[in-house]
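Asker: Each chain, written out:
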Amino acid sequence: MHIMEGFLPHPWWEVWFALSLPAVAYGVKVAGNLAKDRRDVLPLLAVAGAFIFVLSSLKLPSVTGSSSHPTGTGLGAIFFGPAVTAVVSTVVLIYQALFLAHGGITTLGANVFSMGIAGPALGYAAYKGATKLRLNLYAAVFLSAFTSDLATYLITALQLAMAFPAATGVWTSFRAFAAVFAITQIPMAAMEGVVTAFIFRYLLRARSDVLVRLKVISGSYAKPVEVWH
Amino acid sequence: MKEALVYAAAFGIFFSLLALAGSNQAAIGTDDLAKDAILDITGGSYHPWLRSTWQPGESQGIFFGLQAGLGGAVLGYFLCRYRKGSQSPLKK
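Listed in order, the protein sequences are those of chains W and B. 216 is the number that numbering that gives the first Met the number 0 gives to position 217 of the first sequence; each next residue is one higher, with no gaps. 20 is the number that numbering that gives the first Met the number 0 gives to position 21 of the second sequence; each next residue is one higher, with no gaps.
Errors might be hidden in some of the hints.
Claimed, not checked - Distance condition first, Cα-Cα at most 25 Å in a straight line; then the derived DMTMM-like pairs of lysine to aspartate or glutamate: (1) W:Lys-214 / W:Asp-36; (2) B:Lys-34 / W:Glu-13; (3) W:Lys-28 / W:Glu-13; (4) W:Lys-131 / W:Asp-208; (5) W:Lys-127 / W:Asp-208; (6) B:Lys-1 / W:Asp-39.
Said to hold, decoys possible - From chain B, some residues computed to sit far from chain W (all C-beta separations above 12 Å): (7) Lys-1; (8) Glu-2; (9) Leu-4; (10) Val-5; (11) Ala-8.
Just so you know, the hints here were simulated from the structure itself, not pulled from any lab data. Quantities reported herein were computed from a predicted structural model and do not represent experimental measurements. Don't be surprised by glycine CBs; every beta carbon is placed ideally from N, CA and C.
Could you build all of it, start to finish, from the sequences and the hints given here?
Answerer: Put into structure tokens, the structure is as follows:
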């Protein structure tokens, strides 16, 4: 989902910076408050951040013959919401832009928006919606991680389509970019959903109390966990 | 604590090697395919207005490995502390 350095013309790169900056600034404030007032959740924040570091570093082949990266942002979005996830994603994207020439500094705003803000926000909404509908908890986590991953790539396709509309319009362009990203990404998003659900299950069994305090699960979800202990 | 550090090292090395292997595989990345799609749509008329001054080349795997290794180590450490049923992994 990295839009390469210099591949977003004026005014688009500025627009995505303008949209991303307030969200990241708010995320820094929320993360700062967590560090100050909620030290009990910091290990969970470290796990969610490390999960993004690990998954976004893996370049995996897909069934289409091309390769891509998972994002790992679903877990952070479920635990801490999109704003904090945006901060971790920004750190990862700066590292990859500087040391790996994946993405770029001029396209950082757009890449942060897709991977750190829009993807996690939609994943967060998917989790909240699924749990409200009393869907199986792990299915909700799967859905959230799947949505975060796939939405990141679809948003990237939209960003590119808006910057490079075809002669027949933005929609034609979007379909071309979505075809590049989405088909490769669907199996990867499904795999990310499964891995995220496993990690979530592990953390739920270990510390359901913290997840209740973070309002990730309700007390009723936490009850069966007591039996597992 | 000692066990958690062993887990940190094991997870760090494992994910580092996994990222290294991934970066060396031949499949073309979707980022590059998107670049081609831009050139298709614009009829080859778009030229990036800025290029990365530094390309990692062969060392790309090392940097992906570093990223995965760091994340893996943190993941391994805290997942081990959680497995031990610690109420507050930070305090122990």
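Asker: Work down the list of hints and note, for each, if the structure agrees.
Answerer: Do the hints match the structure? See the list:
1. W:Lys-214 / W:Asp-36: Holds, at roughly 16 Å.
2. B:Lys-34 / W:Glu-13: At roughly 20 Å apart (the allowed maximum being 25 Å), Glu-13 (chain W) and Lys-34 (chain B) satisfy the hint.
3. W:Lys-28 / W:Glu-13: holds, 23 Å
4. W:Lys-131 / W:Asp-208: Since the Cα atoms of Lys-131 (chain W) and Asp-208 (chain W) sit roughly 20 Å apart, the hinted pair holds (cutoff 25 Å).
5. W:Lys-127 / W:Asp-208: holds, 19 Å
6. B:Lys-1 / W:Asp-39: holds, 22 Å
7. Lys-1: It holds; Lys-1 (chain B) is separated from chain W by about 18 Å at its closest Cβ, greater than 12 Å.
8. Glu-2: holds, 15 Å
9. Leu-4: holds, 15 Å
10. Val-5: holds, 17 Å
11. Ala-8: Holds: least Cβ distance 14 Å, greater than 12 Å.
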